[in-house]
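Residue numbers (numbering that gives the first Met the number 0): 0 to 1003.
FYI, nobody ran anything at the bench for these hints, they're computed from the structure. Treat the hints with care, since some could be wrong.
Claimed, not checked - Pairwise CB distance ranges, derived in the manner of DEER restraints:
1. E238 / T125: 27 to 37 Å
2. A459 / G48: 38 to 48 Å
3. I51 / P953: 20 to 30 Å
4. T715 / Q685: 22 to 32 Å
5. D345 / A508: 40 to 50 Å
6. D140 / E86: 32 to 42 Å
7. E20 / D929: 56 to 66 Å
8. A428 / T715: 51 to 61 Å
Since this is a predicted model, take the numbers as computed values, not measurements. From the three backbone atoms N, C-alpha and C, an ideal C-beta is built for every residue, glycine too.
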Amino acid sequence: MDYVNTFRFAVLGQVRAWRGERELDLGSPQQRVVLAALLLRRGRPLPLGELIDAVWGEEPPAAAVSVLRTYVSRLRKVLEPDRGPAEQPRTLVSVGDGYLLRVPDDGLDLAVFQRRVAEAKKARATGDVSAAADLLRAALDGWRGAALTGVPGPLAETARSWLDEEWLAALEARLDADIELGRHHEVIAELLPLTARHPLREELCRLLMLALYRSGRQAEALAAYRGARAALVAELGVEPGWSLQDLHDRILAADPALMPYPARGPAPAVPGQAAPPERAAPSGAAPEDGTIADGATAGGAARPGPADPHGSPFQPARPAQLPADLPTFAGRAAELGLIGDLLPRDGSPPSTVVISAIGGMGGIGKSTLAVHWAHRVADRFPGGQLYVNLRGFDPTGSALTPDEAVRGFLDALGVPPMRIPAGLDAQVALYRSLLARRRVLILLDNARDTEQVRPLLPGAPGCLVIVTSRNRLTGLVAGEGAHPLTLDQLSPVEAHDLLARRLGGDRLAAEPRAADEIIARCARLPLALAIVAAHACAHPGFPLSAIADEVNESHGSLDAFTGGDDITTDVRAVFSWSYKALSAPAARLFRLLGLHAGPDVSAPAAAALAGLAPREARGPLAELTRAHLLTEHFPGRYHLHDLLRVYAAERVRVEETPQERDLALQRLLTWYLHTADAAYPHITPQRRRIPLGPRPEDCRPLEFTTHERALEWCETERPNLIVAVHQAAQAGHTGTAWRLPAVLWGFFYLRSHLHDWLDTTRTGLAAARDAGDREGEAQGLSDTAAALRSAGRFDEAVEHLRQALVLSRELGDRAARASVIANLGDAYLHAGRLREAVEYARRGLALDRIAGNVWGEGIALSNLGDAYQRMGRYDEALDCLQRALVVLRAGGNRWVEGVTLDILGTIHHRLGRHGESVGHYLRALATHRDIGNRWGEGHTLGHLGDVHLDGGEPEAARASWRHALAIFAEFGHPDAEQVRERLDRLPDGPADAGAREAAPRRTA
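Make a model of the complete structure from these sequences and hints.
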């Protein structure tokens, strides 16, 4: 199925969907909210948290995650009814912790509307007013009522506001075009009710006044102004804006320029034909040179322009220096919206000097965005446009000095060379005098730092300054009030759009997987995408899959991203200009980060990698962040863009010896190991520690004071810890490869990260075996068995434990042997082999008592009691479990205390003691929640639901099971299906019905 050609979606009215010509049943209103939220993201991933906010706002139901997944599952069935159970979704796909809906722009009415509005703006800019009016009319015809009609929730309320604003703005633009085309009589009937419904909307009032005036109804036009002014003063306490006041004054003065001109279509100049006379500037309006009412005296005579040192006046020129806009510009809608908000919406001049500082890494598209936006707003600055490349990061290495830039601007403004004063201060004074009370757009591209930019800033309001730089211009933000905007990589949809505009949508639609592969390998960096697209354009006969293969073959290097003979389109060269500008410590840290394979890095981990104290790493980290070579995505946590990571890896291979690289990696892995070990006693108090050997003097692991902080660190660093295990195994650091999963045992168990647990323990076990490390092999076998047992794979767990038992005997490790025997008893217990369970539990109990191992003794008693209760020997079970509680509490083993309380609840349930059973389950829940044992919490909730059902309380059972299901579903636990089946057997239906009552409590 090709989803690009078969689906159509609508949000401009009721939320609807069609597959071919058949309309789809989208289900409940909440389910439509989910679809609407995904559609409004326009192909960008929507995280689960934002989706919950979209549906429920600040008060989500307790089982919101489970409910949303059910909605998504149902939508997938509606959208892809023919998809087999083994096939991955192709339309509504999972991305990270959220979802993404793949919809082409022509498949969503909102996208079609916005495209037509954009095309209308372009047509209007070229003078084709008739085409603009037709496009706007077609855009507005796509609306079928109020947006998101019938869709509840906070998202719908918010979206309706901005969609209504887009509709009104498009309607105003269409009415404006109609008036310019001489249809002022016709639009009055539309404008009268609109202004009544929107009395504070000045643009509608302006259009009504102009239409009335052109229709010969001057008195009514002035009355419309008085009505709008009265409403603004009464409601907001403000006077009308500049645009409305100016039109009012011009109507009073009967300005002939207000009368209609002939309708215009695109009219290129005819060679040899004289240009038409320019329209005279209306009274009080800005002249065509962009000055603002300072060129005339009270009597109307023009004052002379700025004088040269000899006293001779000269007339400033109107420069137009902007580079050409990129015809294939794509994406950046959000960023364009943000910088667009810097200018007054009514078209009036800015009341201050507006400075936009656009930052980001090399190749991210700063200059392209700046030039594109400058072209969009250039008509608002009739004084002209100035542009300079400051060469802050340039292959020549020589940045443009401020005096060179100022002299270039003075020349562009028409100052004769002999009249340019000597000295930077005098030049800046003249430059600012020329810009005073003029509306000029100034683009300062590729700035090195704030000091290079400051002399080029105007001194009076009315101008717009756009600055681009790879550095964070914090001085410009703090000292001059610049508005910072940092560009990130393109979204997947924007990257797809960029390729489509360069290669054609049909070529991408023919090979969607190859297009996705190219986007992924380019890491959504605009420069890399442009280079690959240029290569594909140069070989139109090549399939995209061949282009993708070429990029893949160079994965791990930047060889695929060279731009031929133009060094500015070579990704490696572009990165090098930023790298060469770094101090030596920052450059060293940057290249060493190429050794860190995790998704992000904390400041202490980066310090360990470089062999620095944490305070010594702050400066290099801050320098890398300012240079946009590193992104601080959360306080104290950093990540490298994928291609910058490749560049760092290239530099570290070239500039560091193999010994230096190995030492750096060893420092990092040792830091992770010892910090995880510091968390271990807080998560598993009193449990036997894993021997690590002496800690290196330069290793400064973190310290923890609470159980919650230790768990939080493990959860935050989990992706890096998993990668560290694999890196250790690959680099031959065998001890770290098996010890790191061992010290993470308690964390993996508590949080039920079963896949990660199995992955790391198996990796450590394989590394130990390859290195002939018998101690590591024994520990790896035990840890892998623990993960297999938690995953319900009991036979495999038993086999691993039997191998571990043989090794522990050979090694003479009595403590390890006792632990393995106890764990065998536990594995047999859950496998239903109760006789073996009792045998090994007793053997483990005896060994633990001999060794004085209180931790092991408590676990053995609990396992023995559980085995007895499963055999129906309740008196013996109760005796064992009560003794277990005493030992467990004495040893501080709250983990197994919670499990033991749960087993006691089960025994009382089976004996028909409802109240005692519920009491033990509630105490078990409190214990699980206190230590963050989500797996235990889910199981006890399941048992509590059983008791409630047997006690004639089906609704209480339903609430408990829904709560359990939400926990298991959150972690992808296999027991989720069993709980779902119990819920489905209840009389009132599916597992997600009434899910508001299911509320998993969070613990740190």
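Here is how each hint holds up against the structure:
Distance hint check: the CB atoms of E238 and T125 are about 35 Å apart, consistent with the given range 27 to 37 Å. Distance hint check: the CB atoms of A459 and G48 are about 46 Å apart, consistent with the given range 38 to 48 Å. With their beta carbons about 28 Å apart, I51 and P953 fall inside the hinted range of 20 to 30 Å. With their beta carbons about 25 Å apart, T715 and Q685 fall inside the hinted range of 22 to 32 Å.
Take D345 and A508: their Cβ atoms lie about 42 Å apart, and the range 40 to 50 Å holds. Remark: the range hint 32 to 42 Å for D140 to E86 is upheld by a beta-carbon distance near 38 Å. Evaluation of the 56 to 66 Å hint for E20 and D929 yields a pass: the beta carbon distance comes to about 58 Å. Taking 51 to 61 Å as the suggested C-beta distance range, the pair A428 and T715 conforms, at roughly 54 Å.
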